[in-house]
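Enquirer: These are the residues of each chain, in order.
There are 4 protein chains.
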Amino acid sequence: MYKLGDSIVYTLYGESHAEYIGGYLEGIPKGMKIDIEQINKDLALRKPSAGIGTPRKEPDEVEFLSGLDNGKATGEKIHYRIKNTNTDSSKYDIFNRTPRPGHADLPALIKFPGHKIKGGNQFSGRLTVSVVVAGSIARQFIAQYGINVGAFTRSIGNVRDEEERTFEDTVRSKDNPTRAATKELDSLMNREVLEASAEEDSVGGVVECITTGLPIGFGGTWFGSLDAEIARAVFAIPACKGVEFGRGFELTKMKGSESNDPFYYENGVRLRTNNMGGILGGMSDGAPMVFRAAFKPTPSIGKEQDTIDLKTKSDAKVVVKGRHDPCIVPRAVVVVESVTCLVIADEIKKEKLAK
Amino acid sequence: MYKLGDSIVYTLYGESHAEYIGGYLEGIPKGMKIDIEQINKDLALRKPSAGIGTPRKEPDEVEFLSGLDNGKATGEKIHYRIKNTNTDSSKYDIFNRTPRPGHADLPALIKFPGHKIKGGNQFSGRLTVSVVVAGSIARQFIAQYGINVGAFTRSIGNVRDEEERTFEDTVRSKDNPTRAATKELDSLMNREVLEASAEEDSVGGVVECITTGLPIGFGGTWFGSLDAEIARAVFAIPACKGVEFGRGFELTKMKGSESNDPFYYENGVRLRTNNMGGILGGMSDGAPMVFRAAFKPTPSIGKEQDTIDLKTKSDAKVVVKGRHDPCIVPRAVVVVESVTCLVIADEIKKEKLAK
Amino acid sequence: MYKLGDSIVYTLYGESHAEYIGGYLEGIPKGMKIDIEQINKDLALRKPSAGIGTPRKEPDEVEFLSGLDNGKATGEKIHYRIKNTNTDSSKYDIFNRTPRPGHADLPALIKFPGHKIKGGNQFSGRLTVSVVVAGSIARQFIAQYGINVGAFTRSIGNVRDEEERTFEDTVRSKDNPTRAATKELDSLMNREVLEASAEEDSVGGVVECITTGLPIGFGGTWFGSLDAEIARAVFAIPACKGVEFGRGFELTKMKGSESNDPFYYENGVRLRTNNMGGILGGMSDGAPMVFRAAFKPTPSIGKEQDTIDLKTKSDAKVVVKGRHDPCIVPRAVVVVESVTCLVIADEIKKEKLAK
Amino acid sequence: MYKLGDSIVYTLYGESHAEYIGGYLEGIPKGMKIDIEQINKDLALRKPSAGIGTPRKEPDEVEFLSGLDNGKATGEKIHYRIKNTNTDSSKYDIFNRTPRPGHADLPALIKFPGHKIKGGNQFSGRLTVSVVVAGSIARQFIAQYGINVGAFTRSIGNVRDEEERTFEDTVRSKDNPTRAATKELDSLMNREVLEASAEEDSVGGVVECITTGLPIGFGGTWFGSLDAEIARAVFAIPACKGVEFGRGFELTKMKGSESNDPFYYENGVRLRTNNMGGILGGMSDGAPMVFRAAFKPTPSIGKEQDTIDLKTKSDAKVVVKGRHDPCIVPRAVVVVESVTCLVIADEIKKEKLAK
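Chains as they are written, first to last, in numbering that gives the first Met the number 0: chain C, 0 to 354; chain Z, 0 to 354; chain W, 0 to 354; chain E, 0 to 354.
Some clues are possibly wrong.
With a straight-line Cα cutoff of 27 Å, these simulated DSS-like cross-link-like pairs (lysine-lysine) come out [stated by the list, open to error]:
hint: 1; chain 1: C; residue 1: Lys90; chain 2: C; residue 2: Lys302
hint: 2; chain 1: W; residue 1: Lys115; chain 2: W; residue 2: Lys302
hint: 3; chain 1: C; residue 1: Lys312; chain 2: E; residue 2: Lys71
hint: 4; chain 1: E; residue 1: Lys29; chain 2: C; residue 2: Lys312
hint: 5; chain 1: C; residue 1: Lys316; chain 2: Z; residue 2: Lys254
hint: 6; chain 1: C; residue 1: Lys56; chain 2: C; residue 2: Lys302
hint: 7; chain 1: W; residue 1: Lys254; chain 2: E; residue 2: Lys71
hint: 8; chain 1: E; residue 1: Lys46; chain 2: E; residue 2: Lys90
hint: 9; chain 1: E; residue 1: Lys71; chain 2: C; residue 2: Lys29
hint: 10; chain 1: Z; residue 1: Lys117; chain 2: W; residue 2: Lys115
Taking beta-carbon pairs under 7 Å as the criterion, some of the chain C residues facing chain Z (in silico) [unchecked claim]:
hint: 11; residue: Leu42
hint: 12; residue: Gly156
hint: 13; residue: Gly203
hint: 14; residue: Gly219
hint: 15; residue: Gly223
hint: 16; residue: Pro287
hint: 17; residue: Ala293
hint: 18; residue: Pro298
hint: 19; residue: Gly301
Please keep in mind that the hints were generated in silico from the structure rather than gathered at the bench.
Glycine included, C-beta positions come from ideal geometry on N, C-alpha and C.
Chain C on its own, in the form it takes in the complex (with noise of 0.2 Å):
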C-alpha cells in the first residue's frame, strides 16, 4: 500500500529505477506558504555524507506538477516528482537468479512471476526521497500547531549515545554527518562506519526522534492510537526492524512504582519522568513524544555471500558490487521524521474541530 493517512493523504509512487519518484499529498490547505528552501534542506539531509555514504550522486530537484502557485498551496492536490538519474539496470540482472540475502529480492522473485531485479524495485529506500518531500510539508504545516518533530542517531554499531537528549539536540545533530547529538560521538560513530566499510562490510543503528507541543490528548483510541499509527509508519521505512516509546523494552524490567511517571503541578499538570515517551492510552499525555526506530545493517555488502541459484535450484554464491551506503542510520534521521510529520499531519486535522 502506497497510501499514508486519510485527512492529510500522501501517495507514495516510483521505483528505484523508474523514470521518475514521486508522490501526490492530498489535504494541504489553501493559501498555505510552502517553503521549497525548507524542502530542499530536508532533502539535503536524506543524501549521503561525504566519506560515510554511497558515492552515488542524485541530483533529486524536485519538480511541482500541480498544488502550488507563487509559494502558497492551492488546495488542489500537490504532486510532485523527482528524476532519476542511475536507471541502469543491468548489472542488476543476475540477482534474478543469485537474489541478495537481506533484500526483498527473493519473495519478490517468487511473489510475483515475471518480477524483474532493478535496484530495489518498489522496495528501495531510494523511494524515500518521496516521503521526504511531502514529510517536509507536513512538518511546515504542524509547525503551525507549535509542534516540531526532530530525530537524530542514537546509536551506530556499538557506539550509543548514553544521555537524555532534547528536540534542541536533534537540531544540532544535524551539523554531523553521522547526526549524532555531539561531535564527540559522530566521530566514534563514524569511525564504526569507516570500519565496516573497510571490511566491505555495513553496520546498523538507532534513531531516535523527539516530537515536542502534542497537546495533551492528541491520538486516537485502539487501532488509531498516536503509538499505533506511528509505529506502523515507521515501520514501512525499509530496514527498520522495531519501535518502542519511552523506555520501551525496558520497562519490561521495572517495577509498576518506578515506570508510573508521577504527576505533579506547575503551571499546568507535568510529569516528573517521561518513561512512557509521552503517551497513555494512545495519545498524548503532555510531555514529549519520544520512540526509537531500529536499523538493520544495509543488506547491500561487498562480502560474498551465501544464496541459492534459483535457476539451477542448488547453493550458490552473491557479491553485491557497487557503491552503497555502509550504513543507513544519518540517512534515516530526516526519513522517521518525515512519517512522522505526516501521521501528526493526518492526526491534526482529523482532530482539527475537536479542538
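Guided by the hints, dock chains Z, W and E onto chain C, whose structure is given.
Expert: Relative to chain C, chains Z, W and E alone:
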C-alpha cells in the same frame, strides 16, 4: 479507531463498565465451521491465572447475535457480545480528580470535557475479551491455509528465557500459568510476579509470537507491509510499548555479514538463520515470522503515587485499591496471538486470488 | 457496509427486531452544542403520519451512552441507541419459505444459510431511525457553516408538484402529513395514498432535496465528487431506485445552449438558471444543490402475490399481513435530509482547512 | 478522490494536458491472462466516431510499466499510462477570465487560487481513457466468474429506444457509431447529433447498462449496497446527472402490486418482470442488473454564451472554439461499462470466500 482490517474487518465495541463488550467480524466465508470450544479455550487463556492474576472474576460467556448457524458461518457479519458483570464505577470517582499515573485518565479527562472515569473506559484492557473472540475465529480461518500463530512469555521482569523457541514451545507454554516455555521458567517468572504483588507493585515483560506456514512473498508493500500492519495492531493492545521483529534492536549492533540471513537449497529455498524474523521487504521470506512485544508493568498498583488534584490544581496522592493483575503479560499472550491472527486473516483475503 | 464518511464517521447498527438500533458518530467537535429537541423533532418527522402511515407505534426515545455531556459534545464518539419495542418475529416465519416479492428476503435467504426472516432484518427501513439521529446532529454541525438541507415530497403516485421549489418550501412542507409543499398538493397526495391503502396496495413517489449555503467549489473530484458521494448515500436508503441532480434525466433531451447555466454578475457570480442542480465538476457552483430521489412503492402489500416455496421448490402465494405504510415517501423525506447532512458534514471536515 | 475500490483498487492519475494519463490497478490475481487486444478494442469504443465525434485525434497507446509479464498479471500493481499528444493549453487562457458555463472552470478557479485552465484539467473527460483501460482488465477478471457487462445508447436528445433490450443487444450496438441497439435507431440518433452539430450546439442522452451472471445475493448492505456503489462510480463520470435502476423514476407512479417482481419456479427461482433492475436490498436478485445513466449535453459549444469576467467583475461573453464532441453519449457507453466492471470486480474479491 475501533476497526481493524479491510476485507476481514473487525470492529470492537464497549467500555470497561458498559453493559456489554462486543464485536463485529465481517468477511468470514459462508460455511466455515466455527468451533465454539476453541473460542472458549482462547478466552480461558485470557483469564487471570490463580495466584498471579486479579481475583476479579468475569464469566466471559460469548453470545452470538448473528452470523452463526449450526456451528457454521453464514456469511453475514458475525456479531457477538460478552456481558460485563463488574460495572460498579463508584470507586473510580476519585480518579476524576486525581488521575492514575500510567493510565489514560489524564489525557481522557483533559481531552473530553465531562469524561467520567469508569474502570478503564474505552481504553481498558477489559476490551481485549472482544479481541480474543474475533482473533479465535480468525485463527480458525487462517489454519485452513496451514498458518499457525503461537505466542509465549519471553520474559517477566528480570527473568528472561534465553533459548530460541519454536511454535511447539508456544503450545506447551499454555500449560504454564505464566505462559513461560518451561516449568522451570514458569516457576521463576511466577516468583517475580508474586514478589511484585507482595509489595503492592507490578511488573512487565515481553511476549514473543511465532507464526508458521506463511508462504514466501506473503504481505504487502510500504505502509501495508506485513510487519507494519502487525506492529500497528500490537501497539493497539493496552500497555504495549515496543515491537521488534527477528533480532530487532540487537541487529543494530551487528554487521551486515552477520545479520543477513543466508539462503541455501534443501527441498526448496531455506534460510540458515532467522535474524530478520521472517520478513524481507514487508513480505514473508518463508522462515517463521517472529516478533516480540514489550508490555509495561500494570499501571494500577496499591502503592501510593504522586498525582495532581485537577480541582484544586495542586499536588496530590493517589492509591489504586482493588483487585488488579500484578502482571498482565501472561494474559497478553493470547491477545498478541489474536491481533496477529486478525492481521493475517485480512491479508489472506487480500492476497487470496493472487496466489 | 454500515459506515458512512471518513472524518465525520457514522456507523449504523441493529436489525429490525434486535433489542436496539443504534449508531456511533465520530468526529463531532468537542464543545458543540447538541440540541436534543432538534433530534426529537427530526425523529418525529420520521414517524408515520396519522391516517397514511403504519399504525405500528415505536416510541423512538434516544438514549445517549457516550459523547454528550450537559448538552455538548465531548469529542468522544457519540454512541446512542433506540430500544425496539416490536420484536415479535413469529409472524415472519412463513417468509422463510415463501419470500416476499420486492423485499431482500430471497437474496438474503439464498446468500446466508440459516438466515431467519425477522421483520426486515438488517435491511429494514426501521434502521433509518438511527440514520435520522446521526443526521440531525450533522444538521446542527453544518448549520454552523451556514448550510441548510431541506427536502419535501415532489410527487406521490401520479400527483406531481410542478412548481419550482425553494428551501423555504421544504420548511413549510413539514406541516403537511405527506410533506407536500402546499396544502392543496398535500390533500391530493393524501388521497393517492388512501386509495392505494384501501385496495391493500401501496404507492411510490419522489423526494426532492434542496441545500443552501454551500460555498463555490465545495466538494471533491472523481469518485469523491459531491454528487457521487450523495448518490451513494441516498441509494443506501431502502426503496430508493433513482437519483438525479438538477434537471437530471430531462437534461438528456436539451441542447447544450439550453442546459448550460449562464453566469452573470450581481454582487458576486450568479447563475441565471439551475439546470445543473448546483453541481459542476463534482463541486458546488454556488447555486442551491438540488436533487431528487425516486422511492418505489412499499413492497409490503396486503394483496396476494406470486412467490415460490423454497422448501417444495414450486410456485406459491404470499400475503403480507400486518400494519405497513401504504407509502413510505413522507417518512423518507427526513431520511434523505439526514444522509445529505452526513455527507456534507464529512466533506466540511475534509475541506475545513482548505477554505 | 482518484481511488475506486478496496480490494481491486483502481487509482486514476493525470490531467487533460498533462504529459501522461495513467492508472494503477491493484489486486488482479497473479497469473490471470490479460488480453491487450481486448483493451485496445475497449479503447477504440471510447474514440470519437467519424462524423459525430470530435476530430481531435489521440492515438491512445497504452504503455504498461509494471504488473504484466508475457501477457499475464504478475500480482504486482498494474501501472499503465497513455501519452497525451494534444497538450497545448494556450487557447484555454481566456477561460481563466471568462469561465465556460457547464464546465468545472468557475468552481475550480474560485476554489484553487492560481488554478490555470488547461483543457479540462483533472475534471476532463479525457481522463476516462485511464478508466477504460482499468475497466477492460476488470471486465476480463469478472468474465471468469461468468459475469458480463454491456451498455448501449438508450436515447440521444429526443430519439429514444422504446424496446426492452438484452445483453446481446448491447454487443450488437457496438457496430453502430452511436451505440444504438439497431441500425434504424442509429440513423435517427446520428441525425440528432448532426443537427445539433450544425447549429454549433450539443445534445445529451441516456446510456443503459445490463449485467448478466451475478449470483443471487451478490452485493453488500447499506452504504456498501451494490446499487449504491455503482451509482457513486457512475456519477463520477463527467457529465452524468442521473442514475436509475430498473424502472427507476417510473416506479414512483406504480402500485406495489405492479412494481414488485413476482417469483416463480422453473429450474430455479425466476422473476416474471424486472422492474427492480435486478436489485433487492442492495443485492442481486438473480435477474440481469439494469440501470440507466443520464448524460447532459456536452458543455463545450460553439455558440456564444453568457458568462462573467472574473477580472473586471462584470458580465461577459464566451465562445468555446475548437473541436468538441457534439454528443458524448456514444463514447460514454464504454466508460459506463468500465466503472461497472470495476465495482463488480472489487465486490467479487470482497465476496470471493463467502461463496
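Enquirer: Take the hints in turn and mark each one as holding or not.
Expert: Structure-based check of all given hints:
Pair hint Lys90 of chain C plus Lys302 of chain C holds up; C-alpha atoms about 17 Å apart against a cutoff of 27 Å. With a C-alpha separation of about 23 Å, the suggested pair Lys115 of chain W and Lys302 of chain W falls inside the 27 Å cut-off, and the hint holds. Using a Cα cut-off of 27 Å, the hinted pair Lys312 of chain C and Lys71 of chain E holds, with the two alpha carbons roughly 24 Å apart. With a C-alpha separation of about 23 Å, the suggested pair Lys29 of chain E and Lys312 of chain C falls inside the 27 Å cut-off, and the hint holds.
The suggested pairing of Lys316 of chain C with Lys254 of chain Z holds, with an alpha-carbon distance near 18 Å, which does not exceed 27 Å. Simply put, Lys56 of chain C and Lys302 of chain C have alpha-carbon atoms about 23 Å apart, close enough for the 27 Å limit, and the pair holds. Among the hinted pairs, Lys254 of chain W with Lys71 of chain E is inconsistent with the structure: their alpha-carbon atoms are about 45 Å apart, more than 27 Å. With a CA separation close to 23 Å, the supplied pair Lys46 of chain E and Lys90 of chain E stays within the 27 Å bound.
For the suggested pair Lys71 of chain E and Lys29 of chain C, the alpha carbons sit about 43 Å apart, so the restraint of at most 27 Å is broken. In summary, the hint linking Lys117 of chain Z to Lys115 of chain W is not supported, as the alpha carbons are separated by about 38 Å, beyond the 27 Å threshold. Evaluation of the Leu42 of chain C hint against chain Z yields a violated restraint, the C-beta minimum of about 19 Å exceeding 7 Å. Given hint, Gly156 of chain C at the interface with chain Z, holds; its Cβ is 6 Å from that chain's nearest Cβ, closer than 7 Å.
A least Cβ separation of about 4 Å between Gly203 of chain C and chain Z falls short of the 7 Å threshold, and the interface hint therefore holds. With a cut of 7 Å, the hint placing Gly219 of chain C at the interface with chain Z holds, because the nearest CB-to-CB distance is about 6 Å. For Gly223 of chain C, the interface hint holds, the least distance from its beta-carbon to any beta-carbon of chain Z being 3 Å, beneath 7 Å. Restraint check, Pro287 of chain C versus chain Z: the minimum CB separation of about 14 Å is more than 7 Å; hint violated.
Satisfaction of the interface hint for Ala293 of chain C is found here, the shortest Cβ-Cβ separation to chain Z being roughly 4 Å, below the 7 Å cut-off. For Pro298 of chain C, the interface hint holds, the least distance from its beta-carbon to any beta-carbon of chain Z being 5 Å, beneath 7 Å. This hint is violated: Gly301 of chain C has a C-beta 10 Å from the nearest C-beta of chain Z, more than the 7 Å allowed.
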